[in-house]
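2 protein chains.
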Amino acid sequence: MPQPVTMSDVARAAGVSVTTVSYVLSGKRPVAPHTRRAVEKAVADLGFTLNTVARNLRTGRSTIVALVVPDLANPFYAQLARGLQESLRGPGYHLVVGSSLAQRDEERAFLEEAVEQRMAGVVITPFRIGPDDLGPLADAGIPVVVSADVRFGDVDHVAPDSAAAFRDALAHVTAAGRRRVGMIAGPRDVTGGDPRLDVLRAEAGRFGLTLADPYVVPGEHTREAGAAAFEALMGLPKPPDAVFCVNDVTAVGALEKAEELGVDVPGDVALTGHDDIEFASLVRPRLSTVRYPAIEVGRSCARLLLSRLDGRSAARTVRVATTWVPRASA
Amino acid sequence: MPQPVTMSDVARAAGVSVTTVSYVLSGKRPVAPHTRRAVEKAVADLGFTLNTVARNLRTGRSTIVALVVPDLANPFYAQLARGLQESLRGPGYHLVVGSSLAQRDEERAFLEEAVEQRMAGVVITPFRIGPDDLGPLADAGIPVVVSADVRFGDVDHVAPDSAAAFRDALAHVTAAGRRRVGMIAGPRDVTGGDPRLDVLRAEAGRFGLTLADPYVVPGEHTREAGAAAFEALMGLPKPPDAVFCVNDVTAVGALEKAEELGVDVPGDVALTGHDDIEFASLVRPRLSTVRYPAIEVGRSCARLLLSRLDGRSAARTVRVATTWVPRASA
Chain A
1 MPQPVTMSDV ARAAGVSVTT VSYVLSGKRP VAPHTRRAVE KAVADLGFTL
51 NTVARNLRTG RSTIVALVVP DLANPFYAQL ARGLQESLRG PGYHLVVGSS
101 LAQRDEERAF LEEAVEQRMA GVVITPFRIG PDDLGPLADA GIPVVVSADV
151 RFGDVDHVAP DSAAAFRDAL AHVTAAGRRR VGMIAGPRDV TGGDPRLDVL
201 RAEAGRFGLT LADPYVVPGE HTREAGAAAF EALMGLPKPP DAVFCVNDVT
251 AVGALEKAEE LGVDVPGDVA LTGHDDIEFA SLVRPRLSTV RYPAIEVGRS
301 CARLLLSRLD GRSAARTVRV ATTWVPRASA
Chain B
1 MPQPVTMSDV ARAAGVSVTT VSYVLSGKRP VAPHTRRAVE KAVADLGFTL
51 NTVARNLRTG RSTIVALVVP DLANPFYAQL ARGLQESLRG PGYHLVVGSS
101 LAQRDEERAF LEEAVEQRMA GVVITPFRIG PDDLGPLADA GIPVVVSADV
151 RFGDVDHVAP DSAAAFRDAL AHVTAAGRRR VGMIAGPRDV TGGDPRLDVL
201 RAEAGRFGLT LADPYVVPGE HTREAGAAAF EALMGLPKPP DAVFCVNDVT
251 AVGALEKAEE LGVDVPGDVA LTGHDDIEFA SLVRPRLSTV RYPAIEVGRS
301 CARLLLSRLD GRSAARTVRV ATTWVPRASA
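Note that the protein sequences, when read in sequence, are chains A and B. Residue 203 in UniProt numbering sits at position 203 of the first sequence; the count goes up by one each step and never skips. Residue 163 in UniProt numbering sits at position 163 of the second sequence; the count goes up by one each step and never skips.
Hints in this document: simulated from the structure, not taken from any laboratory. Everything hinted at is true.
Some chain A residues close to chain B (C-beta under 10 Å, calculated; not the full set):
1) D71
2) Y77
3) F110
4) E113
For every residue, glycine included, the Cβ atom is placed at its ideal position computed from N, Cα and C.
Kindly produce the complete structure, drawing on both the sequences and the hints.
What follows is the structure in structure tokens.
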């Protein structure tokens, strides 16, 4: 299927920047006559049709899409941003990224800015806000996509489908005779709870295993929290022999702590991450993990957002498949 | 020295969000009377004085500061963003981050958006734009800080002071008898050239060493480019026995390629990075590197920007000290 003609194509054919193309289309700024003619010729030659961006330019709406994530230092979000940005570029949108530090005030502040700046759209991985906080965006006609395990009412939604990958991972560790499963989980006070824990617990049940306190240690999604949680698990009278982590960043923290404590991974404990960030294969032992393809997640968010921006209907929930990636740590 | 009272302090004392404080101060949105009184009391109690943010709120200027970096997937920039964001929060600014993918069109588009959105300020690590591209921001009265080795005319500037750290690194590798120095450098077509290469070359000269083609391999600042450059260096008739990398991300790519090629690091080649991103100590062998403290770089950018926003004078170039961090790879 041929790709639709984009402003980038027009810019390339006319030998000008995308911004110049947008000025010609919007009439918002003066453009030199010969440049304008080059753009108009490219538009005609390529059969480019005005899309939502061009309309928005004329109506004064920004071409900025905001991505709000809890932690820019987590490479998962950097890759998600890349997938999103690449998909938005063709249609003429620019992506800006804000880090909420997983704090409710910051999350709300970004949403308020999006309304005040009349941004084109918002993609958010929410931590402490609730569905009600998205109301002002709906009122302002700004489409929102939530990228998170948890659902936000009927807001467009991209989430991992982790059950099958967790099942593969559990089959792997139980085949090695491991029976005491623990989890380094997310925070307890997050809106919607911790669906990733719920899915893992349900899958563990199929293997006749329970996953309960004190074998579930909550914490932030950081390396430091992962290290602290791992230490707590190893301090139990009967420490777990298989630990699942809510993401790779916490798993890396756990690996470092294991080395410090002299705990052998995977000899004493099998350790599994979630995401497959690029560094998962660079640490030692190489991290076994559940691959949740961040770039594809970003692209899925873009598809949902663009379909709203273009007034097209589309599936409103996308489940992105995950895969169990066995390496050395489990 | 006591810290100045910030909007965050007022918000904490009044038990409300920073956003609510800003609404009270700006009068931009209605606030419930009892909330307004609580904020006004906190303002009086703490001796808070209206600063530029409050003035900007009333004049309609955004509280958004944009950070434009070449690659969000490089953890150095995520940390820089964190340092910047933390310093800007107190005074009431929000940070958004854009990834230019090191492309001139994208860099220009972000700058144009900053002007159109009347953003409060811009911090940029420029790759392909030149000083002239910053003209529209100056015209619009939007302060800019450049975070890069290269200077952009008289624009406020934060840069590493790498000479002493390179000298320490060179002393280390030459003491081990190494004499053939190579560099995995940045791109050749970047505005202002490659000052990091120039500094390393000058320091190598002090040790009677030359650093010249074909021992200098240019490329993008990516893991893939690092791997390709390392392979090119190892293909030389007399490969280098000490390789310096323009950043840690390229060094990690080089390490992976070394493992693939069966080249022993540091046995055959000593390998040195630049930045000390958090993963430098997680790869194996652990990466020796020049530590350029990203959070401190971000804070320095914030200080320069805030002094412009407050109309205060300040040093306009900040050199951030670097340190040689020997680990296992060199």
